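K.L.:
Here is what each chain is made of, one letter per residue.
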Amino acid sequence: MVNLIAALNISEVAVIGLLVASLQFATLLYLAALGETIAEKSGVLNLGVEGMMAVGAVVGYIAAVSTGSPWIGLLVGGLAGAAAAGVHAVIAVVLGADQVVSGLALTILGLGLANFIGDGYTDDPRRSLFVDLDLPGLSDIPWVGEVVFSATPVTYLAVGLGVATWFALNRTSLGLGLRAVGESASTADAAGHGVTAMRIGAVLIGGLFAGFSGAYLTTTGIVGAWSEGLTAGRGWIAVALVIFGAWRSGRAALGALLFGFTLALRNRLQPFGVEFSPILLSMLPYLLTVLVLIGISIKARHQPSPAPAGLGTPYRREER
Amino acid sequence: MKRAVLRRREQPLRGGQPLAFVLGLLFALLVGAVLLAVAGDPVLETYTRMWDRSFGSAASLSSTFNRAVPLALAGLAVSIAATMGLWNIGAEGQILFGATAATLVGRIGADWPSPVLIVAMLLGAALGGALWALGPGLARAEIGVSEIITTLMLNEVALRLIRYLENGPWKDPDGFGFPQITAKPDGAGLGVLWERTHIGGLIALAVIFGFAWLVNRSVWGYELRLAGASPKTAAYAGVSLRRKVLGVMVLSGAVAGLAGGIELTGTAARLNESISNGYGFAGIVVAALALMRPSGVAVVAVLFGAIQVGGFSIQSLGVSAAVSNILQALILLGAIGAAVLSTHRVVLVDRKVVA
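Chain order of the listed sequences is X and R.
Per the numbering used here, the very first residue in the first sequence carries number 1; after that it's consecutive.
Per the numbering used here, the very first residue in the second sequence carries number 1; after that it's consecutive.
Calculated directly from the structure, the hints in this document are not laboratory data.
Only a predicted model underlies this, so the values are computations on that prediction, with no experimental measurement involved.
Check each hint, because a few of them may be wrong.
Partial pick of chain R residues on the chain X-facing surface, computed with a CB cut under 7 Å [to be verified]:
#1 9
#2 22
#3 23
#4 87
#5 149
#6 332
Using N, Cα and C, we set each Cβ at its ideal position, and we do this for glycine too.
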């Protein structure tokens, strides 16, 4: 590979820059997609990801620059995302209103709230950013080390959360209960699982992760500051990633890398001698999402859907 | 130990839905007031200003009506898709591409007689919107791809297409290097009815009545209602669900695209990426509040037009214009929450009782 790059007369810096940016965008997408996977596994579709992400981004930014700690920014941004998710938990889970309508309203509310809260912080020059954490030994590996083992701690955290989510969903009784609730709420209820409590918990965790994702935007070099329209539809790509990942945390990670790469391509192709409008190139992730969804549907045409059977169906125990 | 559960009422509350709407509005104003107070903004002054600038004078009313036009059409677009249980989240992109198509027509026919040019631009806009919804419609009808995400993704694509045209192919030669698209032709201005109210409102009303007629009086509409209410029965009666899904999506896109055309000819000087202005998303809220009924869409659209016009006016008080988006979302959340209570009662039961 190194020879090939030398032969093509491409700068090593450009390649590494592209790959590093890909991993950054992948982290962003993965955090949000992981949270949405958990919510959907419990049977609750939350289309409010974009809104929760925006709230996490602005609140995380403010917390980070006022305390000087990006860690506090990440944590507070996550909690703000969870608080926003609480709206969906009340309307769609407790009251059992239509999940699509409630989620869309949450996206509009979240974007509005983020702009309202961030009104005085646009163009704020203050920064409070995570620094890259070199993993001892590993970061010295040529190429791989620079790209994979010299990322911000949030990327490692995302990987850790991915593994933890896989373990919790597949290897613990709580995870089994959560999946049971998502498949058939009435059966799970009869088996003694607290459907409402489980779903509220899953929605709040989904919001927490979406909030992390948003705060990651404003506390790392990927953007590092707040401005309106910052999330730019990436929360929606995360929703699509859940489908791409077939509701599995591992496969969603692969999707996040793929889409992370396409998001990073913009402004990073010129060093490769490719003269293509960066604006047209920035359409790619969104077009690719559409094409991938179509591809998945064609492939899975004659198979049972991997979606949780109870996804989108509100549950109210009909008591006598 | 007691706990609260929701129990279905034998009869939904009479007038429960309009009541839910009013409760949603009150809820939004209340939460909005708390938010404003927390942010240190003047609550009463903000709300009074919003009212004055949206309903307070002839000029304000005129702005409100103009603003209601794209909202009503976007809301109608969403409710058209909903007749087949579909969610068109892409009205935003269809409005943008509709306006782009209308601009293309305007560039071709800049020297046509004004009425011809305007009609051609509006038709072009509807066609553009239909085209933008065609892909998601086909994907949904033929292979069952969820239209929610595909329509939404195309919003981002339409936005970037305009950004591209602005910076390159359609860049204004007289724009002093500023990335903007050449202004629309002189003859492309929609006629004015009263104050600044343009005839877009009449067009929107005609489209709303036209759709209501289509649904209630035509064979196509009868089949549509059948397919929406009971897909199995409809399929048994020989109605092609695939064609209905595709037809509904394309029609929905055309109506949203028309909104883009009206914005361009009615209020905008040129095509730019903010011509859709969030109307597509607000249209979802409008349609949901109108319970997907065309007649309700018009009424809710006027209210939302007022909130949006009012939202701009409070910026001079130093209050963020985002308040208007927050209020819109809160009205919907409040209303759908309250609607549950019109069909369900809260009852206290013993904790031990398990159904």
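K.L.:
For each hint, tell me whether it holds in the structure or not.
P.N.:
Going down the list of hints, with the structure as the test:
1. 9: 12 Å, violated
2. 22: 17 Å, violated
3. 23: Nearest chain X Cβ about 13 Å off; hint violated.
4. 87: Nearest chain X Cβ about 6 Å off; hint holds.
5. 149: 5 Å, holds
6. 332: Interface hint status for residue 332 of chain R: holds (4 Å vs cutoff 7 Å).
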